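Under this note's numbering, the residues of the sequence shown are numbered 1 to 258, in order.
Note that these hints are calculated values from the structure, not bench results. No experiment lies behind these values; they were computed from the predicted model shown. Just so you know, not all the hints are guaranteed correct.
[Unchecked claim] Between beta-carbon pairs, the in silico distance windows are:
#1 Pro243 - Glu163: 46 to 54 Å
#2 Leu142 - Met34: 29 to 37 Å
#3 Asn36 - Ser131: 19 to 27 Å
#4 Glu162 - Ala244: 43 to 51 Å
#5 Glu163 - Arg124: 50 to 58 Å
#6 Gln48 - Glu163: 40 to 48 Å
#7 Asp122 - Gln58: 16 to 24 Å
#8 Arg124 - Glu200: 52 to 60 Å
#9 Glu200 - Leu142: 19 to 27 Å
#10 Ala244 - Leu142: 37 to 45 Å
[Claimed, not checked] List of simulated lysine-lysine pairs, DSSO-like, C-alpha gap at most 30 Å:
#11 Lys86 - Lys55
#12 Lys152 - Lys170
#13 Lys55 - Lys66
#14 Lys86 - Lys60
#15 Lys207 - Lys195
#16 Lys185 - Lys207
#17 Lys116 - Lys224
#18 Lys152 - Lys185
#19 Lys151 - Lys185
#20 Lys207 - Lys151
#21 Lys152 - Lys195
Note that the Cβ used here is the ideal one computed from N, Cα and C, for glycine as well.
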Amino acid sequence: ANNPGKSYNPLYLYGGVGLGKTHLIHAIGNFMLMENPRARIRYIHAEQYVSDVVKAYQRKAFDDFKRYYHSLDLLLIDDIQFFSGKNRTQEEFFYAFEALIANRAQVIITSDTYPKEITGIDDRLISRFDSGLTVAIEPPELEMRVAILMKKAQAENVTVPEEVAFFVAKHLRSNVRELEGALRKILAYSNFHGKEITIEVTREALKDLLTVQNRQISVENIQKTCADFYNIKVADMYSKKRPANIARPRQIAMYLAK
1 ANNPGKSYNP
11 LYLYGGVGLG
21 KTHLIHAIGN
31 FMLMENPRAR
41 IRYIHAEQYV
51 SDVVKAYQRK
61 AFDDFKRYYH
71 SLDLLLIDDI
81 QFFSGKNRTQ
91 EEFFYAFEAL
101 IANRAQVIIT
111 SDTYPKEITG
121 IDDRLISRFD
131 SGLTVAIEPP
141 ELEMRVAILM
151 KKAQAENVTV
161 PEEVAFFVAK
171 HLRSNVRELE
181 GALRKILAYS
191 NFHGKEITIE
201 VTREALKDLL
211 TVQNRQISVE
221 NIQKTCADFY
231 NIKVADMYSK
241 KRPANIARPR
251 QIAMYLAK
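Kindly generate the complete structure, drawing on both the sequences and the hints.
Structural data, given as structure tokens:
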């Protein structure tokens with residue numbers, strides 16, 4: 001944000017859902033706009049970019065499309081994995097990317113996975129994503145999860161005992177959204193039943209969620225679930241062949257098994 005187009009260009013952020021990638025890139029855009037109110041900034045989800053390409057194609061308005069996207073000072077594009085298999089969109093984005101980098105404009109991209117693990121994306125785009133700074137957004141550690149819960153409770157003008165925050169943080173580890181949802185459940189249960197927030201009340205409020213969290217999930221279960229979802233055989237995941245319809249579920253199964 002302090003040196004757009006000069007440092008870390010492109011900036012590629014990846015990680016699971018609910019970890020704050022979108023929030024982070026919005027913050028970068030807002031900071032840049034504060035520093036330069038005339039800056040041409042565009043935040044867009046990858047699906048909306050695909051839609052823009054389709055509309056430009058239908059209206060035969062690619063000149064206007066290119067003029068707009070090639071002249072930005074900052075392009076923030078969220079969930080780039082949605083470009084998978086969309087060749088025309090990838091082609092147009094490649095040209096926009098090249099133009100922006102040549103003009104020393106900043107490009108920031110988010111995804112749910114590392115660049116080389118995205119299937120159905122042109123190799124030349126993958127190499128461009130890898131050419132800047134790639135940063136993994138990891139789930140928050142225990143102390144950070146506790147701090148998040150306490151801060152969210154404070155924003156609701158509610159006091160949550162520290163032992164309750166630790167209890168929730170120990171059991172819910174995936175992302176911030178899950179923590180926020182758990183806190184809302186606890187507050188609602190406490191208000192509805194007129195009870196103080198304690199570990200027992202918390203346990204009761206989150207019993208369904210905690211049951212799911214406590215289930216033992218094996219690698220075999222993950223493989224079977226992925227295979228069923230993508231309509232392939234578990235044996236296909238062990239095959240030496242790597243067609244796209246097998247590579248994607250295999251990558252997902254490997255990620256979930258970590």
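**Study point:** Hinted pair Lys152 and Lys195, Cα distance within 30 Å
**Key:** holds, 20 Å
**Study point:** Beta-carbon spacing of Ala244 to Leu142 - inside the hinted bounds 37 to 45 Å or not
**Key:** holds, 38 Å
Practice item. With 43 to 51 Å as the target window, see if Glu162 and Ala244 comply at their CB atoms. Key: holds, 49 Å
Check your understanding: Is 19 to 27 Å right for how far apart the beta carbons of Asn36 and Ser131 are?
Key -> With Cβ atoms ~25 Å apart, the hint holds.
Point to revise | Agreement of Lys207 and Lys195 with the hint, judged by alpha carbon distance not exceeding 30 Å | key: Status holds; Cα separation ~16 Å.
Review point. Regarding the pair Lys55 and Lys66, is the alpha-carbon distance no greater than 30 Å?
Key: holds, 13 Å
Exercise for review: Measure nothing beyond the straight line between the CA atoms of Lys86 and Lys55; if it is 30 Å or shorter, mark the hint as holding.
Suggested key: At roughly 14 Å apart (the allowed maximum being 30 Å), Lys55 and Lys86 satisfy the hint.
Review point. Should the hint that Asp122 and Gln58 are 16 to 24 Å apart at their CB atoms be regarded as holding?
Key: Once the Cβ atoms are compared, 23 Å apart, the range 16 to 24 Å for Gln58 and Asp122 holds.
Point to revise | Cβ distance range 29 to 37 Å for Leu142 and Met34, holds or violated | key: Holds - the Cβ-Cβ distance for Leu142 and Met34, about 34 Å, lies within 29 to 37 Å.
Review point. Taking 30 Å as the top limit, are the C-alpha atoms of Lys116 and Lys224 close enough?
Key: holds, 24 Å
**Study point:** Straight-line alpha-carbon gap Lys151 to Lys185, limit 30 Å
**Key:** holds, 16 Å
Point to revise | Glu163 paired with Arg124, Cβ distance criterion 50 to 58 Å | key: For Glu163 and Arg124 the Cβ distance comes to about 53 Å; the hint holds.
Hint violations for this structure: none, all hints satisfied.
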